[in-house]
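Asker: For reference, the chains in residue letters:
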Amino acid sequence: MAYRVKLKNFEGPLDLLLFLIKKSEVDIYDIPMADITRQYLEYVEIMQLLDLEGASEFILLAATLIRIKAKMLLPRPEPEDDEDIVDPRLELVTRLLEYKRFKEVAFKLSDFEERRSLLYNRGYLEEIEPSEDEDIELGENVNLFTLISTFKQVLDRLPKVTYHEVEDVKITIEEQIDYVLDQLAEEKSVAFYNLMMKLNDRLHVVVTFLALLELVRRGTIIIRQSVPFGEIWIARKGD
Amino acid sequence: MIDFSKIKPAVEALIFASDSPITESRIHSVIEELSPSQVQRVIEELNQEYEQQNHAFRIQRIAGGFQFVTRPEYAHYIKKYYKGRSRGRLSKAALETLAIIAFKQPISRPEIDLIRGVNSDGVVRTLLERNLIQISGRAETVGHALLYTTTHEFLQHFGINDISELPKPKEIEELLGSAQEELPLELPESEEIDEKITEQMSILDGEEEPDDQEEQPESSGESDEKETE
Amino acid sequence: MIDFSKIKPAVEALIFASDSPITESRIHSVIEELSPSQVQRVIEELNQEYEQQNHAFRIQRIAGGFQFVTRPEYAHYIKKYYKGRSRGRLSKAALETLAIIAFKQPISRPEIDLIRGVNSDGVVRTLLERNLIQISGRAETVGHALLYTTTHEFLQHFGINDISELPKPKEIEELLGSAQEELPLELPESEEIDEKITEQMSILDGEEEPDDQEEQPESSGESDEKETE
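Protein chains in written order, with my numbering: chain P, 1 to 239; chain R, 1 to 229; chain A, 1 to 229.
To be clear, the hints were calculated from the coordinates, so they are not data collected in a lab. Keep in mind the model is a prediction, meaning the values are calculated, not measured. There's no promise every hint is true.
What the hints assert, rightly or not - Derived DMTMM-like pairs: lysine to aspartate or glutamate, alpha-carbon spacing no greater than 20 Å straight-line: (1) R:168 - P:114; (2) R:104 - P:98; (3) R:80 - A:33; (4) R:79 - P:27; (5) A:80 - R:32; (6) A:79 - R:19; (7) A:168 - R:140; (8) P:198 - P:186; (9) A:8 - R:73; (10) R:80 - A:173; (11) A:6 - R:49; (12) A:92 - A:121; (13) A:170 - R:32; (14) R:6 - R:49; (15) A:92 - R:129; (16) P:22 - P:91; (17) R:92 - P:114; (18) R:92 - P:186; (19) R:168 - P:113; (20) R:8 - A:73; (21) R:6 - A:33; (22) A:6 - A:49; (23) P:22 - P:35; (24) A:92 - P:186; (25) R:80 - A:19; (26) A:170 - R:113; (27) A:8 - A:49; (28) P:108 - P:98; (29) P:71 - P:113; (30) P:69 - P:27; (31) A:8 - R:51; (32) A:104 - P:156; (33) P:69 - P:214; (34) A:79 - R:33; (35) R:92 - P:98; (36) A:8 - R:49; (37) A:104 - A:174; (38) P:198 - P:231.
Chain P on its own, in the form it takes in the complex:
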């Protein structure tokens, strides 16, 4: 299947998710998690390939989707009275609906804006007499932001004192795929725990986890766990 993707049309992960739900013609109250998550991950991967800004926010929701998907796969305890079972998707759906509604309002606002842009105010007013003495009343045109901006302008005139260096964290699924494969180059199999322990932040853990899923999907690796709650082993397929 060939997509031509223009990712900048998505305002964020929720926007993308809504789009996928709409495109798949599924009920927002009954999202097929496996299917939608798979589609979502495909997009996130493209984002990573394109090295688009804000990818980490999309990855964050990916983790949520995977978590919900996993929860739904777990065998549910026998319901005592079936009212009390909370669908793992409920929180997500609530968020989606809320976002969807504001998106709807935003579209309507856009119409208002369009209509308003056709009406022009009077452009040139001469009648206002310039006041002679320095007017120092605080009016509507002076708000906190004006105050802050002014403060900034003043400080900018001061000689610069310090420089901060902020390092941009860039991390892609492909990179983490390479990382996993590197680990598997020497050893036949690697413990999941050891693989993750070597990473130094949460974002790396999340992206590496996605990389693992991707490798499973591609059939490059297999994941084994011999006893419940035992160590999870990752191995190359076919080895």
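Assemble the complex: chain P is given as a structure, and chains R and A must be docked to it using the hints.
Answerer: What follows is chains R and A alone, placed relative to chain P:
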């Protein structure tokens, strides 16, 4: 009995000369013989005259007061005159953020981020710079984040009189209620969203963007588009 | 033959919406079917109409082109209107000084002078008179300069209850950061400013590099005395 032949142009002069929308009560405070409710009537009469006399402007209620604006029929001339230096329309992200602030004000940035699912740092800054929102205190919750509300300029920008005239999201009350509540059975549909999504889908399918006039020409985006297998 | 019923309001709309007086040739460049000399005629006709219809405005020709003005008969209403409302124009110097006091309070005049790079004597006095700032004690450093803080009235204007609700340096940085892909704002932390001031003060005092970074800036006597006399 009031001599309307003199009062009417006085009202006209005031609204014409004011640099911002002027309220009935401000007009009344200047032209005392006219009650605020009579102001309304005078303005209606004036607008009828402008229409009959085929003038290019009328008086409109915006942001809580009255102001002169041109008729939409003549927008293209003015647009042509201002070519290249008209005030930009707001981005989708800005509109989204404004919609959230408008309905949940006062609201902090972390709360906006949560609803949008993305960091709204840059958007909030732009909205502040354009004076569409303002800082209005701090949250009482942990962190004491700065709170934002919409401004007078916000009403001006969208040509509405009052915040209550904003398009309401369906069941906004429910949104504000607890998240654990039973979800409504029927999903409120919006044709506009459907349209917009269809539009996005056709973009995804590689079609041209529909009827996007001379707004920023779509960069046919080598950088944005990417074929996947 | 030109259809003047459409052209006339177009000219009217242009003059109305232009943000500066507009010339015949600019009008012609927008409404091409109208020659510059015909523009003149159209405007004469418009003015006749305004007069017959007893409107409060007319189009006036000044050096730079055409503009709308209200008739002198109604000037007193407009004067009354503008007199009755506070114009709210803070001078640049006043706003700067107020911003420094707001975010660095309590602060002495010598410190303000240092940050602004000019003498702020007059501005500080005016701000005091307008009850936007107040004296809140004396510095414990040599010179015991008067310290200024913002007033309750000042806070009220910005809709906040307490100075602690004012944005912190870090928040200011976030708010103003790299909005338009400018260089990121490097807002010196307050200690850094203090350091800088100490450093500059000692240079003013003709000393060498300051050996004690912690020390509060010393005020340079004379200029302070004036205020307290």
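Asker: Next, verify each hint and record whether it holds.
Answerer: Tested hints:
The straight-line distance between the Cα atoms of residue 168 of chain R and residue 114 of chain P is roughly 18 Å, inside the 20 Å bound, and the hint therefore holds. A C-alpha spacing of about 12 Å is found between residue 104 of chain R and residue 98 of chain P, which places the hinted pair at or below 20 Å, so the restraint holds. For the suggested pair residue 80 of chain R and residue 33 of chain A, the alpha carbons sit about 14 Å apart, so the restraint of at most 20 Å is met. Using a Cα cut-off of 20 Å, the hinted pair residue 79 of chain R and residue 27 of chain P is violated, with the two alpha carbons roughly 44 Å apart.
Note on residue 80 of chain A and residue 32 of chain R: the hinted pairing holds, with a Cα-Cα distance of about 11 Å set against a maximum of 20 Å. The straight-line distance between the Cα atoms of residue 79 of chain A and residue 19 of chain R is roughly 13 Å, inside the 20 Å bound, and the hint therefore holds. About 16 Å separates the Cα atoms of residue 168 of chain A and residue 140 of chain R, which keeps this hinted pair within 20 Å; it holds. For the hint pairing residue 198 of chain P with residue 186 of chain P, the CA-to-CA distance comes to about 16 Å; that is within 20 Å, so the pair holds.
Our distance criterion of 20 Å between C-alpha atoms is met by residue 8 of chain A and residue 73 of chain R, whose separation comes to about 13 Å. The hinted pair formed by residue 80 of chain R and residue 173 of chain A fails the criterion: a straight-line CA distance of about 39 Å is larger than 20 Å. Proposed proximity of residue 6 of chain A and residue 49 of chain R is supported: the alpha carbons are some 17 Å apart, at most 20 Å. Under the criterion of a C-alpha separation no larger than 20 Å, the hint pairing residue 92 of chain A with residue 121 of chain A is consistent with the structure, at around 15 Å.
Taking the CA atoms of residue 170 of chain A and residue 32 of chain R, the gap is about 51 Å. The hint is violated against a cut of 20 Å. Distance restraint check for residue 6 of chain R and residue 49 of chain R: the Cα-Cα separation of roughly 15 Å lies within the 20 Å cut-off, and the hinted pair is therefore satisfied. Distance check on the hinted pair: residue 92 of chain A and residue 129 of chain R sit about 18 Å apart at the alpha-carbon level, within 20 Å; holds. Pair hint residue 22 of chain P plus residue 91 of chain P holds up; C-alpha atoms about 19 Å apart against a cutoff of 20 Å.
For the given pair, residue 92 of chain R sits about 13 Å from residue 114 of chain P by alpha-carbon distance, which is consistent with the 20 Å threshold. With a CA separation close to 49 Å, the supplied pair residue 92 of chain R and residue 186 of chain P exceeds the 20 Å bound. Straight-line distance between C-alpha atoms of residue 168 of chain R and residue 113 of chain P comes to about 16 Å, which keeps the hinted pair within the 20 Å bound. About 13 Å separates the Cα atoms of residue 8 of chain R and residue 73 of chain A, which keeps this hinted pair within 20 Å; it holds.
With a CA separation close to 38 Å, the supplied pair residue 6 of chain R and residue 33 of chain A exceeds the 20 Å bound. A threshold of 20 Å between alpha carbons decides the hint, and for residue 6 of chain A with residue 49 of chain A the separation of about 15 Å falls inside it, so the pair holds. At most 20 Å may separate the alpha-carbon atoms for a hinted pair to count; residue 22 of chain P and residue 35 of chain P meet this at roughly 13 Å. With a CA separation close to 68 Å, the supplied pair residue 92 of chain A and residue 186 of chain P exceeds the 20 Å bound.
For the proposed pair residue 80 of chain R and residue 19 of chain A, the alpha carbon gap of about 14 Å is at most 20 Å, so the pair holds. Distance check on the hinted pair: residue 170 of chain A and residue 113 of chain R sit about 18 Å apart at the alpha-carbon level, within 20 Å; holds. Proximity of residue 8 of chain A to residue 49 of chain A is assessed by CA-CA distance (about 11 Å); at most 20 Å being required, the pair is judged to hold. Distance restraint check for residue 108 of chain P and residue 98 of chain P: the Cα-Cα separation of roughly 16 Å lies within the 20 Å cut-off, and the hinted pair is therefore satisfied.
Annotation: proposed proximity of residue 71 of chain P to residue 113 of chain P is violated, straight-line Cα distance about 44 Å (limit 20 Å). Distance check on the hinted pair: residue 69 of chain P and residue 27 of chain P sit about 16 Å apart at the alpha-carbon level, within 20 Å; holds. Proximity of residue 8 of chain A to residue 51 of chain R is assessed by CA-CA distance (about 14 Å); at most 20 Å being required, the pair is judged to hold. For a cut-off of 20 Å, the pair hint linking residue 104 of chain A to residue 156 of chain P stands: about 15 Å separates their Cα positions.
For the hint pairing residue 69 of chain P with residue 214 of chain P, the CA-to-CA distance comes to about 15 Å; that is within 20 Å, so the pair holds. Note on residue 79 of chain A and residue 33 of chain R: the hinted pairing holds, with a Cα-Cα distance of about 17 Å set against a maximum of 20 Å. At roughly 17 Å between alpha-carbon atoms, residue 92 of chain R and residue 98 of chain P fall within 20 Å of each other, so this suggested pair holds. Under the criterion of a C-alpha separation no larger than 20 Å, the hint pairing residue 8 of chain A with residue 49 of chain R is consistent with the structure, at around 16 Å.
Note on residue 104 of chain A and residue 174 of chain A: the hinted pairing holds, with a Cα-Cα distance of about 18 Å set against a maximum of 20 Å. Among the hinted pairs, residue 198 of chain P with residue 231 of chain P is consistent with the structure: their alpha-carbon atoms are about 16 Å apart, no more than 20 Å.
Of the numbered hints listed earlier, those contradicted by the structure are 4, 10, 13, 18, 21, 24 and 29.
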